[in-house]
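Asker: Taken in sequence, the protein lines are chains A and B.
Residue 224 in the UniProt record's numbering sits at position 224 of the first sequence, with consecutive numbering throughout.
Residue 156 in the UniProt record's numbering sits at position 156 of the second sequence, with consecutive numbering throughout.
Take these hints with a grain of salt, some might be off.
Under the rule of at most 20 Å between Cα atoms (straight-line distance), these lysine to aspartate or glutamate pairs were calculated in the EDC-like manner [as the list claims (entries may be wrong)]: (1) B:K326 with A:E273; (2) A:K333 with A:E306; (3) B:K294 with A:D343; (4) B:K253 with B:E273; (5) B:K312 with A:E273; (6) A:K326 with B:E60.
Hints in this document: simulated from the structure, not taken from any laboratory.
Predicted, not measured: the structure shown is a model, and the values here were computed from it.
There are 2 protein chains.
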Amino acid sequence: MKIGVIGGGQLGRMLALAGTPLGMNFAFLDPAPDACAAPLGEHLRADYGDQDHLRQLADEVDLVTFEFESVPAETVAFLSQFVPVYPSAEALRIARDRLFEKSLFRDLGIPTPAFADILSQADLDAAVASIGLPAVLKTRTLGYDGKGQKVLRTAQDVAGTFAELGSVPCLLEGFVPFTGEVSLVAVRGRDGETRFYPLVHNTHDSGILRLSVASVAHPLQALAEDYVARVLEKLDYVGVMAFEFFEVDGGLKANEIAPRVHNSGHWTIEGAECSQFENHLRAVAGLPLGSTAKVGESAMLNFIGEVPAVGKVTAIDDCHLHHYGKAFKVGRKVGHATLRCKDMATLQAKIAEVEQLIGG
Amino acid sequence: MKIGVIGGGQLGRMLALAGTPLGMNFAFLDPAPDACAAPLGEHLRADYGDQDHLRQLADEVDLVTFEFESVPAETVAFLSQFVPVYPSAEALRIARDRLFEKSLFRDLGIPTPAFADILSQADLDAAVASIGLPAVLKTRTLGYDGKGQKVLRTAQDVAGTFAELGSVPCLLEGFVPFTGEVSLVAVRGRDGETRFYPLVHNTHDSGILRLSVASVAHPLQALAEDYVARVLEKLDYVGVMAFEFFEVDGGLKANEIAPRVHNSGHWTIEGAECSQFENHLRAVAGLPLGSTAKVGESAMLNFIGEVPAVGKVTAIDDCHLHHYGKAFKVGRKVGHATLRCKDMATLQAKIAEVEQLIGG
Chain A
1 MKIGVIGGGQ LGRMLALAGT PLGMNFAFLD PAPDACAAPL GEHLRADYGD
51 QDHLRQLADE VDLVTFEFES VPAETVAFLS QFVPVYPSAE ALRIARDRLF
101 EKSLFRDLGI PTPAFADILS QADLDAAVAS IGLPAVLKTR TLGYDGKGQK
151 VLRTAQDVAG TFAELGSVPC LLEGFVPFTG EVSLVAVRGR DGETRFYPLV
201 HNTHDSGILR LSVASVAHPL QALAEDYVAR VLEKLDYVGV MAFEFFEVDG
251 GLKANEIAPR VHNSGHWTIE GAECSQFENH LRAVAGLPLG STAKVGESAM
301 LNFIGEVPAV GKVTAIDDCH LHHYGKAFKV GRKVGHATLR CKDMATLQAK
351 IAEVEQLIGG
Chain B
1 MKIGVIGGGQ LGRMLALAGT PLGMNFAFLD PAPDACAAPL GEHLRADYGD
51 QDHLRQLADE VDLVTFEFES VPAETVAFLS QFVPVYPSAE ALRIARDRLF
101 EKSLFRDLGI PTPAFADILS QADLDAAVAS IGLPAVLKTR TLGYDGKGQK
151 VLRTAQDVAG TFAELGSVPC LLEGFVPFTG EVSLVAVRGR DGETRFYPLV
201 HNTHDSGILR LSVASVAHPL QALAEDYVAR VLEKLDYVGV MAFEFFEVDG
251 GLKANEIAPR VHNSGHWTIE GAECSQFENH LRAVAGLPLG STAKVGESAM
301 LNFIGEVPAV GKVTAIDDCH LHHYGKAFKV GRKVGHATLR CKDMATLQAK
351 IAEVEQLIGG
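So that you can see chain A by itself, here it is in the shape it has in the complex (with noise of 0.2 Å):
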């Protein structure tokens, strides 16, 4: 079996490395002459509208999936004509719009901070007026690791920011206290089959995913699956799906979701019986789900610019090292190392040395 994935990134590198001992071949669609996921498979090399691309991507292929989800709406259009495409074009145009999104949230009666949509500094000015501050500006589209977004405190944040954030469709929300941020990685079969990863805590820098640590028997984990499964059965989603909340007073306020494999689940590719990418795969390609059950306990750390010394990290006992062949850049992601120890203690500790490494 042959599976295109729009773009070539990480993601794309991860799901080949976990396809292609299920026997399946890959085809990137990516305009970056260096994609890393390049050497895992076929790398046609054009843009996201290239329609003689896209056609040839889908005569070459079984199935199309994405790694990110700000694919034009266009682009999955043109290519659901040919193949089929998981997830589908209803899901990818709900995750891609934080207005679309937050009001799915909404109707299927999940709780998520106060939103209002802005197309006008007016809008804005009146919507701050109404859910009160501080709130967050967040561009609807396109916006991914804190970029496309402001904090607003003060009234002074709030003039002139419709314009700062390039005058396109936004939406204001409003800031909730959370003691913690989480998220759940769910999969879904083309039959309807679903199964959840544990909870996973994450911790942030500069809007920046740095740590993802999985749970042990998080007391939310249910009220988690409930809204998950809302949202998947609502879209009739097939693959992976990351949802992002907030914890606030005990419960959870739904933050966002992602339409595709997700940096809080890379952990499971030592720390769950089957990975986040693995079971993507199996999803899309209409084969049985794997088990989500952790093997040991599991943290991932981000290598943000640079990946430390590679006989450094290969060097901490329980450290598995993701590489993602990127060159250095400020504020990219360019690898991760998982962490999968005997018990939380020993976890607690190796965190903390891979730390170290990060730091120094």
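Based on these hints, arrange chain B on the given structure of chain A.
Answerer: The following block gives chain B in isolation, referenced to the frame of chain A:
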């Protein structure tokens, strides 16, 4: 770091799957147009003696390693002029030839079946008179998976057999009444650090490995490690080596070594903290070695000729598919499954499930 691999079969494929997350790139030299490692790196399609392509490979990579031991000595010698080669030409020279191999065992005080060098039918007749029957006549080089050998039980089997095996240099080995076959996979770094995986029980059928089960505290582990360490040190070996033994009278008799990652170590991908493939690459690259400790209880079953339906293999809990992406061929190793279970009882039940798929 770019690694050159002589041979582009499933061992090269699994080396690349293990090395890519370490940030390594791969180039495979293999004359086969459909070399199954090719999708994971650069494919130099040329004969093993093609000096132009060997020179190109040497220029492109940081070091060269092998996925099979029958590489011509000239190839190794040629490459060694330009680029580091691990394991060394001397290790390959020994491992490639059953006479040199058995002589090394004898010189190092490692018990091994009686053997005699056979260069003619007269040599064979004399050796049979001395060693007795049953015995096994094997070509000194190029044998694998039961090819290039013949079991001799009667005087009739002996007559004309030297010519039957091609009138090439052979070794006659006395038959040992073994109760089991085990292998020890070891890894030795450039600095001499050595680690051993648990002993593996192997079951062959028609000379081809069918089932490997990682042992639990095998009583002969320490003895096997002692024997293997002697060979590794004598050869100043760098990389993974597999050492096959017969279990005889509660002791071990050396059968043969493979100077490379080995089929009986495939279970380590899921079943050990660090797989034989990653550890081989760590060793040859001069990185710290990874832990050889088990994760759960594991076994490996080979798929010979064809891989069962992917949907059926993936439906079995605790089962991890490794499809080599090869075409069907009688007697060809085309894939394997690793079972990683919480205890030996579960493992035995799961082995039976996979065996049913293979049989059916």
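Asker: Has the given pair, A:K333 with A:E306, been kept, meaning a C-alpha gap of at most 20 Å?
Answerer: holds, 8 Å
Asker: Run the distance test for B:K253 versus B:E273: straight-line Cα separation, threshold 20 Å.
Answerer: Since the Cα atoms of B:K253 and B:E273 sit roughly 29 Å apart, the hinted pair is violated (cutoff 20 Å).
Asker: Within 20 Å, alpha carbon to alpha carbon, are B:K326 and A:E273?
Answerer: Given pair B:K326, A:E273 is violated - Cα atoms ~26 Å apart, limit 20 Å.
Asker: Does B:E60 sit within 20 Å of A:K326, going by the straight-line distance between their CA atoms?
Answerer: holds, 19 Å
Asker: Hinted pair, alpha-carbon criterion (20 Å max): B:K294, A:D343. Please report holds or violated.
Answerer: holds, 16 Å
Asker: Hint check: B:K312 vs A:E273, CA-CA at most 20 Å. Holds or violated?
Answerer: holds, 17 Å
Of the numbered hints stated above, those contradicted by the structure are hints 1 and 4, listed in ascending order.
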